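Novice: Protein chains in written order, with our numbering: chain A, 1 to 207; chain B, 1 to 207; chain C, 1 to 207.
Think of the hints as simulated: they come from the structure by calculation, not from any bench. Where hints are given, some of them may not hold.
Copies of the same chain look alike in the list, so a pair counts if it works inside one copy or between any two.
Each computed SDA-like pair below joins lysine to any residue, with the alpha-carbon atoms no more than 25 Å apart [as the list claims (entries may be wrong)]: (1) K28 <-> T75; (2) K81 <-> I71; (3) K27 <-> I76; (4) K27 <-> I142; (5) K28 <-> S196; (6) K28 <-> I76; (7) K81 <-> D95.
On a predicted model such as this, the values are computed, not experimentally measured, just so you know.
Each chain, letter by letter, is given below.
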Amino acid sequence: MEIIIEHINFVGSFVFAISGALVAIRKKLDPFGVLIVGFITAVGGGTIRDMLLAERDVFWLYDITIIYAVIAGITIAIILKERLNFFNKPLFFYDSVGLGLFTITGVQIGLDANLIPIVCVLLGTITGIFGGVIRDVVVNEIPVIFRKEIYATASIGGGGIYLVLIHFNVSNPYLQIIPIIFIIVSRILAVMFNISLPSIYPKENDS
Amino acid sequence: MEIIIEHINFVGSFVFAISGALVAIRKKLDPFGVLIVGFITAVGGGTIRDMLLAERDVFWLYDITIIYAVIAGITIAIILKERLNFFNKPLFFYDSVGLGLFTITGVQIGLDANLIPIVCVLLGTITGIFGGVIRDVVVNEIPVIFRKEIYATASIGGGGIYLVLIHFNVSNPYLQIIPIIFIIVSRILAVMFNISLPSIYPKENDS
Amino acid sequence: MEIIIEHINFVGSFVFAISGALVAIRKKLDPFGVLIVGFITAVGGGTIRDMLLAERDVFWLYDITIIYAVIAGITIAIILKERLNFFNKPLFFYDSVGLGLFTITGVQIGLDANLIPIVCVLLGTITGIFGGVIRDVVVNEIPVIFRKEIYATASIGGGGIYLVLIHFNVSNPYLQIIPIIFIIVSRILAVMFNISLPSIYPKENDS
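Sequences are here, hints too, so could you generate the full structure?
Specialist: So, in structure tokens, the structure goes:
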């Protein structure tokens, strides 16, 4: 299990580093700003997850491959920044993959720490979305996921499905692949059909 | 003592979740944004407090009642959002209660960890105010308490009184009730009589 | 070694508290806002460093002298705020000293925790720069160091030199003084000659 989580952390960190670096480039930050925003985006969610658990060391402190994944992602973002539009669709896909991967590691780590199920799902969602939340806060924006809620809703749903599959003793690879695919497909469908949660505001009252 | 702190955490989380959700609603965030800002506001101060102490697990990881309190607070805020003005005064009151409650838990947890008195008061203030600080940072505002200082001053004062009462062996319920009432009354009087700390800026120089 | 780190923490906290308080004063925050922004700036980097390491208590929890250093720095900033221009150059110097000092403590603490070299340098840079990053995020600005990259580049370079000197068994005081002087001189030269890293953006495309 630990080995699978390490692979997930690697791929997820790489993808989120690209996403963070691209936001920094759009904000015209200098090379170091791009580096640090990419790094924060990639490891932010997992770092908060590990800091919440008193006995857990932060995952990238002892794992050089994470650092390599982040540096690779940032380098690719800088090199390919002129062709962003060309890469928008694959990036959206990989970002969804990253969300799915990180969510499942967070839920699993919560289970390993004997947390109650709802808190495990919460920990998975924190792992999946807080890199992006910190990224947006640091570049002085209201986090985009607070206004595009299918992102987080997909993460919560995927985390819940993972728990249900464990309950019915489903084993790997299905155990992990099914919720990850659920998260990816939810996001793709939500964007394709422009689906969002029902609004809590009256229609005329938009400011 | 632990049981009292748990009750305090429950009521304080409920009240601060309402406050966070209302700020998110004013910013027209979507349902998930309201949920996460409410959650951050409710547990943010206590979470930072627990992360600062190496051996302490974050309080809501093992306490499902906190999650219920937060969800209840957010639900009430969403349902009652049309009547915000009607609820402004009771909310101000409950927010002051939350500040008082959280401050005292922070000071007490500092004492349990054998911290020096000034750091205990600091830990109490962090517990009381940082939920609101993170709330404002996340919705892209300069924290309101940096410009309405009686809020934090009341927290520091209440924390100091708590330490003095312990020094003189005052026991519960007076030990906890007196500083909490001090914090609540300070805030009410400050707002009623428009009291603030002396300004450190020259009068004409306001920008 | 521990004693040297304590001295460094004291001087660095004092200097960074001044820097944080001055930013808060420029933003016209009230006295409590100045206090908390000064405190966050002074201890923010070291606090994140200590929270990342599971077994480490946050450095200022058990060290009253840090609190004194922060309060002294904030008091001086408030008293001298009218003469800021007069103090700009010495402040720039002390801020560079603080960056150098904090970077070296971070690298050393990483070594003590048996982290791999690149992560030690990262930990040093986090310790040196994150106080300023949090300061700017809290007062609602994009962190200035994301746009003036010699700041962080100097920190990374100094951390790397420190590791090289340890590799060649250089002992104190040279071990610590050489990288700190490197960091200070780098920043002074960068500002004097207006040096920055090569831009990653096309020249005409500046917004």
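Novice: Give a verdict on every hint.
Specialist: Each hint tested on the structure:
For the identical chains of this complex, K28 and T75 are intra-copy neighbours only, at 16 Å inside a copy versus 36 Å across copies, given an alpha-carbon limit of 25 Å. Taking the closest pair of Cα atoms, K81 and I71 come within 25 Å of each other only inside a single copy of the chain (15 Å); across copies the shortest separation is 41 Å, beyond that limit. In this assembly of identical chains, K27 and I76 lie within 25 Å of each other by CA distance solely inside one copy; the values are 17 Å within and 35 Å between copies. Taking the closest pair of Cα atoms, K27 and I142 come within 25 Å of each other both inside a single copy (14 Å) and across two copies (10 Å).
For the homomeric pair K28 and S196, the shortest alpha-carbon distance between copies (14 Å) is at most 25 Å, but the shortest distance inside one copy (31 Å) is not. Within a single copy, K28 and I76 get their C-alpha atoms as close as 16 Å, which meets the 25 Å cut-off; across copies the closest is 35 Å, which misses it. Proximity of K81 to D95 under the C-alpha cut-off of 25 Å is restricted to the intra-copy arrangement: shortest distance 16 Å within a copy versus 34 Å between copies.
Figure legend: structure checked against the earlier numbered hints; every hint is met.
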